[in-house]
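Undergrad: Protein chains in written order, with the numbering used here: chain A, 1 to 105; chain B, 1001 to 1277.
Some hints here could point you the wrong way.
Stated by the list, open to error - Below, computed lysine to aspartate or glutamate pairings styled on EDC-like, alpha-carbon distance capped at 20 Å: (1) B/1225 x A/59; (2) A/45 x B/1206; (3) A/27 x A/95; (4) B/1225 x A/66; (5) A/74 x B/1206; (6) A/27 x B/1055; (7) A/86 x A/66; (8) A/86 x B/1217; (9) A/42 x B/1206; (10) A/74 x B/1055; (11) A/45 x B/1059; (12) A/86 x B/1224; (13) B/1225 x A/92; (14) A/74 x A/49; (15) A/43 x B/1206; (16) B/1225 x A/95; (17) B/1225 x A/49.
As the list claims (entries may be wrong) - Far from chain B, by Cβ distances over 12 Å, these chain A residues were calculated: (18) 24; (19) 25; (20) 32; (21) 33; (22) 34; (23) 35; (24) 36; (25) 37; (26) 84; (27) 103; (28) 105.
Hints are computed from structural coordinates only; laboratory data are not their basis.
Yeah, the Cβ is synthetic: ideal placement off N, Cα and C, and Gly gets one too.
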Amino acid sequence: MKYIFTPILLLPLLTFAADETFTIQIKNHRFEPAELTIPAGKKIKLLVENMDATPEEFESHELNREKIIAGNSKATIYIGPLSQGKYPFFGEFNEATAQGTIIAK
Amino acid sequence: MFGTAIIVFREVLEAALIIGIITAATRDIPNRSRWISAGLLLGLLGSAILAGFTEQISELASGIGQELFNAVILGTAVLMLAWHNIWMASHGAELAEGARNVGKAIQDGTKECSVLLAVVGITVLREGSETVLFLYSIVTSGQADSSALLIGGAVGMIAGVVVGYTLYKGLLRIPMRWFFTATSLLVLLLAAGMASQAAHYLIQADLIPALISPMWDTSAALPEKSILGLLLHSLIGYDARPAGMQLVFYMITLVAIAAGMKWTNYRPTANKLEAVV
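Bound-form chain A, shown alone (with noise of 0.2 Å):
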């Protein structure tokens, strides 16, 4: 029974492997680089660095994603994966100025 349940328990670490990293950062309330190009039908992991003193909602409708990022710290966000577009976020707290797009290629 237990080699059954074994490459279920390895699962995980074949995935994790399989997470390419991208990073956003947030400078005076603005995404950098505002436009990410991600590829298509792959699950990414996001890392957004809060480079303000000030908290972050990470939010995006079309990605289906919102994670608050406190002032001067970093948030992990899984996406994907995703067909091909574009998909814009923003920053809820200061969406005047942050705003962004993944294009997912």
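With chain A fixed as given, assemble chain B onto it according to the hints.
TA: This is chain B only, laid out in the frame that chain A set:
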């Protein structure tokens, strides 16, 4: 100022609707206002504390602490609402008839009250901490018009509470005959919606697979940002682009609670026997 009002309104609305439904659903429970107020106060206090620990929580469990925290909080609320609905299915009628002096009912009533306190507290905690963080970011960003923004926040908060209160008043006008059915149904859908949101956080943290993502996309027809979308999101867990796993969580919760309610309803004799013994 308008933008601030909208953001705060969105957060407060969700909590206000849940509290409005819960408060109406428990209208016949003795002392329920006291317990609900206590939950509200504890939730507000907790929000301020929680907001202060955002960074530490985020960094837990290698960066997915926030998602885990939200999922656990939502999961707890789902269990509480399930308990409430199943309890109401067997005791609602007794309470409505005014049979409050039965020893067992009172004992259970206290348990029901602590469930109330927890649900209200948890709801306020979740929505409140985001509002606190947002208002804090306005104050500390040193913008010249921060007082105008804070007024906007107050307007949003009041508007949210007014909607919740209106729902509560509206529910109380439902004739007694349909009252339990109506409020139980609302609580059932609330719980299912919360389960779907919990799944959403676990997917975001990459702890469970999304299955099909998205299952459908109704963001053009009914965006979640719209008033109707917002109301439906808070009330029945509407999601414009849900993942398949969210739907699985939703359906399991719906069926499990409904089954629990049916099951207790079919055994009224057992309950009466206990009361006699």
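Undergrad: Are the hints correct? Go through all of them and say.
TA: Taking the hints in turn, this is what the structure says about them:
Taken as a hint, the residue 1225 of chain B and residue 59 of chain A pair is honoured in the structure, with Cα atoms around 12 Å apart against an allowance of 20 Å. Between residue 45 of chain A and residue 1206 of chain B the alpha-carbon distance is near 9 Å, which keeps this suggested pair within the 20 Å criterion. Straight-line distance between C-alpha atoms of residue 27 of chain A and residue 95 of chain A comes to about 13 Å, which keeps the hinted pair within the 20 Å bound. For a cut-off of 20 Å, the pair hint linking residue 1225 of chain B to residue 66 of chain A stands: about 14 Å separates their Cα positions.
Under the criterion of a C-alpha separation no larger than 20 Å, the hint pairing residue 74 of chain A with residue 1206 of chain B is consistent with the structure, at around 17 Å. Distance hint between residue 27 of chain A and residue 1055 of chain B is fulfilled; the C-alpha atoms sit about 17 Å from each other, no more than 20 Å. Between residue 86 of chain A and residue 66 of chain A, the direct Cα distance comes to roughly 17 Å. Compliance with the 20 Å bound is thereby established for this hinted pair. For the hint linking residue 86 of chain A to residue 1217 of chain B, the alpha-carbon distance of about 15 Å falls within 20 Å, and the restraint holds.
With a CA separation close to 13 Å, the supplied pair residue 42 of chain A and residue 1206 of chain B stays within the 20 Å bound. Restraint check: the Cα-Cα separation between residue 74 of chain A and residue 1055 of chain B comes to about 8 Å, which is no more than 20 Å; the hinted pair holds. Distance restraint check for residue 45 of chain A and residue 1059 of chain B: the Cα-Cα separation of roughly 15 Å lies within the 20 Å cut-off, and the hinted pair is therefore satisfied. Between residue 86 of chain A and residue 1224 of chain B the alpha-carbon distance is near 19 Å, which keeps this suggested pair within the 20 Å criterion.
A C-alpha spacing of about 12 Å is found between residue 1225 of chain B and residue 92 of chain A, which places the hinted pair at or below 20 Å, so the restraint holds. Taken as a hint, the residue 74 of chain A and residue 49 of chain A pair is honoured in the structure, with Cα atoms around 4 Å apart against an allowance of 20 Å. At most 20 Å may separate the alpha-carbon atoms for a hinted pair to count; residue 43 of chain A and residue 1206 of chain B meet this at roughly 9 Å. As the CA atoms of residue 1225 of chain B and residue 95 of chain A are separated by approximately 14 Å, the hinted pair is consistent with the 20 Å bound.
With a C-alpha separation of about 26 Å, the suggested pairing of residue 1225 of chain B with residue 49 of chain A is violated against the 20 Å cut-off. With a closest Cβ-Cβ approach of about 14 Å to chain B, residue 24 of chain A is found to remain outside the 12 Å limit, as its non-interface label requires. For residue 25 of chain A, the condition that its CB be more than 12 Å from all CB atoms of chain B holds, with the nearest at approximately 16 Å. The beta carbon of residue 32 of chain A is kept farther than 12 Å from every beta carbon of chain B, the shortest such distance being approximately 18 Å.
Interface exclusion of residue 33 of chain A from chain B stands, the closest Cβ pair being 21 Å apart, more than 12 Å. At roughly 20 Å from the closest C-beta of chain B, the C-beta of residue 34 of chain A stays outside 12 Å, upholding its exclusion from the interface. The non-interface label for residue 35 of chain A is consistent with chain B: the shortest C-beta to C-beta separation is roughly 21 Å, beyond 12 Å. With a least CB separation of 17 Å from chain B, residue 36 of chain A remains clear of the 12 Å interface cut-off, as annotated.
Distance check on residue 37 of chain A: its Cβ is at least 20 Å (rounded) from any Cβ of chain B, clearing the 12 Å threshold; non-interface status holds. Taking the minimum C-beta to C-beta distance to chain B, about 15 Å, the non-interface status of residue 84 of chain A holds against the 12 Å cut. Every CB of chain B lies more than 12 Å from the CB of residue 103 of chain A, the least distance being 18 Å, so the non-interface label holds. With a minimum CB-CB distance of about 18 Å to chain B, residue 105 of chain A clears the 12 Å threshold, and the non-interface call stands.
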